[in-house]
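Chain residues, written in single-letter form:
Protein chains: 2
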Amino acid sequence: MAEKIAKQSQDFNKWYQDVVVQTELADYAPVKGCMVIRPYGYALWESIQGELDARIKETGAQNAYFPMFIPQSFLQREAEHVEGFAPELAVVTHGGGKKLEEPLIVRPTSETIINEMFSKWIRSYRDLPLLINQWANIVRWEKRTRLFIRTTEFLWQEGHTCHATREEANEKAMQMLEIYRQFAEDWLAIPAVTGRKSETEKFAGADATFAIEGLMGDGKALQMGTSHSLGQNFSKAFGTQFLDADGQLQNVWQTSWGMTTRLIGAVIMVHGDEKGLRLPPTIAPIQTVIVPIWKTDREKAQVIQLADSVFAELKSAGIRVKMDDRDQFTPGFKYNEWEMKGVPLRLEIGPRDVADNAVMAARRDIKGKEKVSVQGIAETVKTVLDSIQKTLFEQALAFREANTRDASTMEEMAQLILKERGFVRVWWEGDADAEAKVKEDTKATLRCFPLDQQDEEGICVATGKKTKSRALFAVAY
Amino acid sequence: MAEKIAKQSQDFNKWYQDVVVQTELADYAPVKGCMVIRPYGYALWESIQGELDARIKETGAQNAYFPMFIPQSFLQREAEHVEGFAPELAVVTHGGGKKLEEPLIVRPTSETIINEMFSKWIRSYRDLPLLINQWANIVRWEKRTRLFIRTTEFLWQEGHTCHATREEANEKAMQMLEIYRQFAEDWLAIPAVTGRKSETEKFAGADATFAIEGLMGDGKALQMGTSHSLGQNFSKAFGTQFLDADGQLQNVWQTSWGMTTRLIGAVIMVHGDEKGLRLPPTIAPIQTVIVPIWKTDREKAQVIQLADSVFAELKSAGIRVKMDDRDQFTPGFKYNEWEMKGVPLRLEIGPRDVADNAVMAARRDIKGKEKVSVQGIAETVKTVLDSIQKTLFEQALAFREANTRDASTMEEMAQLILKERGFVRVWWEGDADAEAKVKEDTKATLRCFPLDQQDEEGICVATGKKTKSRALFAVAY
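Quick note, the sequences are listed as chains A and B, same order.
Quick note on numbering: the first sequence equals residues 1123 to 1599 in my numbering.
Quick note on numbering: the second sequence equals residues 1123 to 1599 in my numbering.
Errors might be hidden in some of the hints.
Listed next, the stretches of chain A that the computed footprint assigns to chain B, with coverage defined by at least 3 CB atoms under 8 Å from CB atoms of chain B [what the hints assert, rightly or not]:
1) 1150-1158
2) 1189-1199
3) 1206-1216
4) 1229-1239
Simulated crosslink set (SDA-like; lysine to any residue; CA at most 20 Å straight-line) [claimed, not checked]:
5) Lys-1324(B) - Glu-1300(B)
6) Lys-1154(A) - Leu-1222(B)
7) Lys-1221(B) - Gln-1194(A)
8) Lys-1221(B) - Gly-1440(A)
9) Lys-1358(A) - Gln-1370(A)
10) Lys-1324(B) - Gln-1517(B)
11) Lys-1220(A) - Lys-1179(B)
12) Lys-1179(B) - Gly-1440(A)
13) Lys-1265(A) - Gly-1218(B)
14) Lys-1444(B) - Glu-1180(A)
Bear in mind the hints are in silico, worked out from the structure with no lab data behind them.
No residue lacks a Cβ here, since even glycine has one placed at the ideal position from N, Cα and C.
Extracted from the complex, chain A is given alone in its bound form (with noise of 0.2 Å):
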């Protein structure tokens, strides 16, 4: 806790990694591109995982658990799909000291193996739809990692579900986007802007990819989710079918989607500051610390007894509440401590607070500090959490629309990212090589066509010609 974290103004990628290192959230690993998620940094996931399954369950889906170690062969079967992971595979060659006669994949996402059981499972159209989701690890060879937000494995959710008909897998494709959408906004405080991918970005084997985008502290975008409509390329490499209802066998229509620890990078840095962390009040370990203040023994006996009694009151409230009364630190160095790992609410209580019966609170989004009575104090910080959630909310929002500008060229949109990052929003109906020359460039991609486009018409900055399609791009994670 000694060392000092780069300023984030300076150099963003220096911040980013001392943050997550000495705040303790997670360290490098022995092996190239993996990564340790620490006690901190996983009760982050803790968090995200309870709510985000208790959302997906809701939907109608279960949990289940396919095997890890994929048949080379079952990869290969869809085109796209193997071309798409090919590059990216990690691969066991022996098992039991053998050489194995044919080689498995450590899975780098699960549709090959989890049609191979849906097409044993599936029978009728009584057996649709079918909702499975699966927490699990993934492997995939990242040339450049980047704690959390690109690793070789990484921990994740991935949604697996089979429909009768093409129009319900796209709702279930739309409706998951949305689930996403709101558990980016309402528990991680993140901003998340809805859209479809382009051909260039969408993933190996879908027919759609729709994902949700986010901005991040520095004007880089975030993918933060991607919901699939795989349309029947699975089901038909796979033979996942069903008998409908007049007797006929037919393919499945299929969708995935999946969320991963990346959002636990994407909560530091949209919402990090140069102090540090600053961790919504929803997934935050420590919601509130006390630190207690005295000199001499006499001041230590009732200031103790004070914060006692309020973390008494904190926590049987449901507040997830720390005492932090160490001795061998200065209140001064644990401001600094709890400040850089992100507590959202800092109670101050020394020998004054005493015989005011108050706690000085320090809010970790906003500056100063305010005498707080101590009659009602659980209201008083429940209220106060649910301030600084909806403030984070805020402020990340106000940051996205002032980083999202217009051009209405090729030429305004290179300057703007160059010069400013951040989202730039242009017409577009653009092909694949468009897209090639925008990246090389500007190193920016098409993040996405946001869902939310009104009904208007312009010129394509690509083509030149009218188009009623918007694009947003961005040099991105």
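The hints should help you fit chain B onto chain A, whose structure is shown.
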């Protein structure tokens, strides 16, 4: 569901496989030795996870996540460890399209990689004790597999702790063993013997291994959880050291402990009967099923109205209740299905019950039905569920006691094992060769030296010498 399960009394193995597959707990995976955990089975795992996680956290441990890939060289640092696990390893040799410089092992357990991290994190005695738990998937290349009981990939939790003294580590190992015993007994309704493993049977790399052992319905034993006192074996191999209060550098003393998806197999084999599963109410995904019965439409309307109100009352009381109002199946078919699936309590509601404002209650643990008033139904059901939980435990305990026998000679032990199965208790201070001899003759292994030994003495069946040490032998899964 239309298929039949084998008779338990005639072919226990086939019965087990039939029950697992036909109740849709799990399915065979396309990869040899792996399993797919289906929603009904995964719900059991979620219940186990939820409760065990809470109990582990109460001991002060925090969850974290370590990479699943371990450099091959790590395993070689602890001589016994690598010798024990070498035959069971899965090896990744290629990643991202290239041959790896050093092969990676898919974790068979995580002592090595966790110690590598511990050695970076621990500086002084102030960092101790360090109490970490991980929920993860594990791979051990098994030759003979069995759904849930022994699969190439399985799910588990593994705790890893560091302490300043040997005594403290030993205490922790015993504490976790006791947590496991309590969990098995009051959550899974499975009586568990706690004991120490022999040198032959201990964990590769441990100073001592403790385990809880259960007795399955066919008289075979199952190791249900282990807790290891690791001494300084791994801390020496990985340099996991701390500065003590006197400024001296010392190696930490460690424990590790784990429970796995095997517990689901134990639940099936301890409680199951000819009709299929019998699930303890604590973990049953469906605790109570309501089967409305009618012939005419008029009856249906009345019956469904009562069934709905009972359903609503049970649900709002927090009971996991299911309404089975499917039109296409007869009540008898439904009874069989839910009995096979192990639902602890069935409520049948027919026209006569409507007149009486009552329901027929059929418990899964004992024969017969009982008429129960709708008045106060939620409280009645809760009481009955508690009673079922207790009965299942008592039945299992009675079975174990009836199948734990004393032998005073090697011959007697061999005869009892071959003829009766079950636990055979003997005075024992034999060596590894003597254990091997028993195994050769009877397939039985030394399950454990039970911890609850009295201060008694007897004649060791192997050496003929006086000893205070008693052991349980059994044929085990």
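Here is how each hint holds up against the structure:
no.: 1; hint: 1150-1158; result: holds (count 6)
no.: 2; hint: 1189-1199; result: holds (count 6)
no.: 3; hint: 1206-1216; result: holds (count 9)
no.: 4; hint: 1229-1239; result: holds (count 3)
no.: 5; hint: Lys-1324(B) - Glu-1300(B); result: 18 Å, holds
no.: 6; hint: Lys-1154(A) - Leu-1222(B); result: 11 Å, holds
no.: 7; hint: Lys-1221(B) - Gln-1194(A); result: 16 Å, holds
no.: 8; hint: Lys-1221(B) - Gly-1440(A); result: 52 Å, violated
no.: 9; hint: Lys-1358(A) - Gln-1370(A); result: 15 Å, holds
no.: 10; hint: Lys-1324(B) - Gln-1517(B); result: 30 Å, violated
no.: 11; hint: Lys-1220(A) - Lys-1179(B); result: 40 Å, violated
no.: 12; hint: Lys-1179(B) - Gly-1440(A); result: 17 Å, holds
no.: 13; hint: Lys-1265(A) - Gly-1218(B); result: 8 Å, holds
no.: 14; hint: Lys-1444(B) - Glu-1180(A); result: 16 Å, holds
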